[in-house]
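Protein chains: 6
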Amino acid sequence: MATVRLLSDGEAPEAARAVFDDIRQVRGTDYVNHFWRALANEPATLAQVWEEVKTVMAPGKLDPLTKEMVYIAVSVANACSYCIHSHTAAARAKGMSEEQHGELMRVIALAGKTNHLVNAMQIEPDAAFRVGEED
Amino acid sequence: MATVRLLSDGEAPEAARAVFDDIRQVRGTDYVNHFWRALANEPATLAQVWEEVKTVMAPGKLDPLTKEMVYIAVSVANACSYCIHSHTAAARAKGMSEEQHGELMRVIALAGKTNHLVNAMQIEPDAAFRVGEED
Amino acid sequence: MATVRLLSDGEAPEAARAVFDDIRQVRGTDYVNHFWRALANEPATLAQVWEEVKTVMAPGKLDPLTKEMVYIAVSVANACSYCIHSHTAAARAKGMSEEQHGELMRVIALAGKTNHLVNAMQIEPDAAFRVGEED
Amino acid sequence: MATVRLLSDGEAPEAARAVFDDIRQVRGTDYVNHFWRALANEPATLAQVWEEVKTVMAPGKLDPLTKEMVYIAVSVANACSYCIHSHTAAARAKGMSEEQHGELMRVIALAGKTNHLVNAMQIEPDAAFRVGEED
Amino acid sequence: MATVRLLSDGEAPEAARAVFDDIRQVRGTDYVNHFWRALANEPATLAQVWEEVKTVMAPGKLDPLTKEMVYIAVSVANACSYCIHSHTAAARAKGMSEEQHGELMRVIALAGKTNHLVNAMQIEPDAAFRVGEED
Amino acid sequence: MATVRLLSDGEAPEAARAVFDDIRQVRGTDYVNHFWRALANEPATLAQVWEEVKTVMAPGKLDPLTKEMVYIAVSVANACSYCIHSHTAAARAKGMSEEQHGELMRVIALAGKTNHLVNAMQIEPDAAFRVGEED
Numbered sequence: 000m001a002t003v004r005l006l007s008d009g010e011a012p013e014a015a016r017a018v019f020d021d022i023r024q025v026r027g028t029d030y031v032n033h034f035w036r037a038l039a040n041e042p043a044t045l046a047q048v049w050e051e052v053k054t055v056m057a058p059g060k061l062d063p064l065t066k067e068m069v070y071i072a073v074s075v076a077n078a079c080s081y082c083i084h085s086h087t088a089a090a091r092a093k094g095m096s097e098e099q100h101g102e103l104m105r106v107i108a109l110a111g112k113t114n115h116l117v118n119a120m121q122i123e124p125d126a127a128f129r130v131g132e133e134d
Numbered sequence: 000m001a002t003v004r005l006l007s008d009g010e011a012p013e014a015a016r017a018v019f020d021d022i023r024q025v026r027g028t029d030y031v032n033h034f035w036r037a038l039a040n041e042p043a044t045l046a047q048v049w050e051e052v053k054t055v056m057a058p059g060k061l062d063p064l065t066k067e068m069v070y071i072a073v074s075v076a077n078a079c080s081y082c083i084h085s086h087t088a089a090a091r092a093k094g095m096s097e098e099q100h101g102e103l104m105r106v107i108a109l110a111g112k113t114n115h116l117v118n119a120m121q122i123e124p125d126a127a128f129r130v131g132e133e134d
Numbered sequence: 000m001a002t003v004r005l006l007s008d009g010e011a012p013e014a015a016r017a018v019f020d021d022i023r024q025v026r027g028t029d030y031v032n033h034f035w036r037a038l039a040n041e042p043a044t045l046a047q048v049w050e051e052v053k054t055v056m057a058p059g060k061l062d063p064l065t066k067e068m069v070y071i072a073v074s075v076a077n078a079c080s081y082c083i084h085s086h087t088a089a090a091r092a093k094g095m096s097e098e099q100h101g102e103l104m105r106v107i108a109l110a111g112k113t114n115h116l117v118n119a120m121q122i123e124p125d126a127a128f129r130v131g132e133e134d
Numbered sequence: 000m001a002t003v004r005l006l007s008d009g010e011a012p013e014a015a016r017a018v019f020d021d022i023r024q025v026r027g028t029d030y031v032n033h034f035w036r037a038l039a040n041e042p043a044t045l046a047q048v049w050e051e052v053k054t055v056m057a058p059g060k061l062d063p064l065t066k067e068m069v070y071i072a073v074s075v076a077n078a079c080s081y082c083i084h085s086h087t088a089a090a091r092a093k094g095m096s097e098e099q100h101g102e103l104m105r106v107i108a109l110a111g112k113t114n115h116l117v118n119a120m121q122i123e124p125d126a127a128f129r130v131g132e133e134d
Numbered sequence: 000m001a002t003v004r005l006l007s008d009g010e011a012p013e014a015a016r017a018v019f020d021d022i023r024q025v026r027g028t029d030y031v032n033h034f035w036r037a038l039a040n041e042p043a044t045l046a047q048v049w050e051e052v053k054t055v056m057a058p059g060k061l062d063p064l065t066k067e068m069v070y071i072a073v074s075v076a077n078a079c080s081y082c083i084h085s086h087t088a089a090a091r092a093k094g095m096s097e098e099q100h101g102e103l104m105r106v107i108a109l110a111g112k113t114n115h116l117v118n119a120m121q122i123e124p125d126a127a128f129r130v131g132e133e134d
Numbered sequence: 000m001a002t003v004r005l006l007s008d009g010e011a012p013e014a015a016r017a018v019f020d021d022i023r024q025v026r027g028t029d030y031v032n033h034f035w036r037a038l039a040n041e042p043a044t045l046a047q048v049w050e051e052v053k054t055v056m057a058p059g060k061l062d063p064l065t066k067e068m069v070y071i072a073v074s075v076a077n078a079c080s081y082c083i084h085s086h087t088a089a090a091r092a093k094g095m096s097e098e099q100h101g102e103l104m105r106v107i108a109l110a111g112k113t114n115h116l117v118n119a120m121q122i123e124p125d126a127a128f129r130v131g132e133e134d
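Chains as they are written, first to last, in numbering that gives the first Met the number 0: chain D, 0 to 134; chain S, 0 to 134; chain L, 0 to 134; chain Y, 0 to 134; chain X, 0 to 134; chain H, 0 to 134.
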């Protein structure tokens, strides 16, 4: 499937190929995955998203593996198949063990369960949880 | 709002009060938050969910703060207001700094953005990301 | 909150008031709830939605209480606060006991949990579950 | 995949074939796509949905291309693969250029990002944004 | 696709095979579907989820077919393809007729529609719908 | 509610106040809404998001009102209350008539309905809708 074409190196506009080159250098691999080849149809968007990914996913106050696991969590709740596949692979590449993956899934599953319970009961947050009361 | 009543200690059935007592002891506080008081209408469910929370959120291959951040990530994507409030408070209680919270939000926001981009383009996962091909 | 005004009987256009009258007669109550008063800003939409609700929620191959519980289930997963409130009230009015409500919440919570587990693992449906294979 | 069979012209009940004929005439093509062939298992639902699509998607105060882009936006956020495919094709058939598609994706992606940021921070709407305050 | 391997009987750890055996006995079939084979990578999770499914989906104050339809409803709203396939098959195995399935889809579709309408208008729940007002 | 404080001009760090100033100038109003005051806790994120909003929502191949309606559509499907309020207000400020708003809601509602129908039936996209077939 797909609603846009995945562009090969030969098909991609020059501005997109420059991003491909940076992806290859930063990641230390010749492989450019589907997401970037699809975005190559829009070189300006490709460049903006790649910059944002580099900035946000870099080591900071959270380590890169924690960030990948948070990314997986959001993608699971949003049912984004591609994102779940690519970030699970990325997390493993950054050292996530199978036991950690299993534990991650249990947390995600529990959150999914209690999110539904809470929504069913429509519970209001306790006053103690509210930081920024307005008005 | 709410579709069920929040039960005070006096109103809760004995089986629910026993769970309240365990929550107090495990957490080292007298305060029992709304979620448990709402679940107290169903003591068996209350007991099951509390056991699952204790087991899954305990230190393991992932540390408790990482688990809270994953929980927040799922809850944000599922738009569960109560869950976001309670687990953001829990993460702070477990040591999440404001800078870490800011970085967590940037990762969640980026995942939300790329989830939508990927869904819009309907990209299939690269073969390299697929672990368990069936058939 | 709200992005449109809730129209009183005096404010509603005549076409909307006619729908209000039908709601009152069918439901045997003088009370017209917020949803319909908001839709009254668009009388044609109000009339269409009310007709669809009457048709779809009427007794058929599924009984009205089962339909209300299905409605709640969808609304919980979609985090629609108003819908959860109104259809939980409707289910109770149609005879849902508190024990049934508790059991409904457990099923919804379990589905939420396994939906997240399955999405995390990206499992393909077994051949035996596929009815209408195409191409 | 699929949980129901796609009915060919020969398999579809007479009431469904009549809708197929109207689809062909309105759209000026002999091709009837999967959605309608799946709904043909329920001819009354098929007829109702087709009428609603014809009415709602017709030119009105919004032009048909704008409507298709709104449809895509909802479908992306709901992760409905079929809907994204079919309405992206429809938007292109109604004149959406690739540059417009690229811009549409950027708006959808930005909305996905800020939706997640806002949910993470649980911000209450400004008083100025509230039109229909109740009570 | 999939992010974990589906384990055959020969590959599954002994603790997982014991759960497979219970699944076979309870369901009266030799077939163990993909979900359980994927969870077999985490035998403790497999055992916990299977126990929960047995308990929650058993006959109680709601009959098993009603529970399956509620499960389908949640899974549709969460866009969980595997879950929709497996629980639609389970509902049919428990006696859901095609006419009931058609009616179930109409209720789910109507709920999806009104959930979106209500969210667009951001309507607050009527006071009469609120059971557990806090503070 | 809220999980972060809304910062007044006096409380905001200097880098955030500079963004507030640009917001005021670009929008021609002294009012800075809650979203930006919440983001002010993270001045770098505030600056990045404001730049992205200015760039993406500017007139381009799609006009600003169309973009606001697409934004509303995504926000409704994601159940983001604040976003729905703020972008409905923005769309009205950019000229959306009440009749256009009513029509927008009908399209969003129809998409919500058919998204659920399609997900329930798990229909695969027609070959004619697939642009970028991989492998």
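Among the hints, a few may not be true.
Once the Cα atoms are required to be at most 25 Å apart in a straight line, the calculated DSS-like pairs of lysine-lysine come out as [as the list claims (entries may be wrong)]:
#1 93(X) <-> 60(L)
#2 93(H) <-> 60(Y)
#3 60(L) <-> 60(X)
#4 53(H) <-> 53(D)
#5 53(S) <-> 93(D)
#6 60(X) <-> 93(L)
Don't read these hints as lab results, they were simulated from the structure. Since we're looking at a predicted model, the values are computed, not measured.
Do the hints match the structure? See the list:
1. 93(X) <-> 60(L): 15 Å, holds
2. 93(H) <-> 60(Y): Cα-Cα ~15 Å, so holds.
3. 60(L) <-> 60(X): It holds: about 20 Å lies between the C-alpha atoms, which stays within 25 Å.
4. 53(H) <-> 53(D): Roughly 22 Å separates the two Cα atoms, so the pair holds.
5. 53(S) <-> 93(D): 28 Å, violated
6. 60(X) <-> 93(L): Holds, because 15 Å separates the two Cα atoms, which is no more than 25 Å.
Checked against the numbered hints given earlier, this structure breaks only hint 5.
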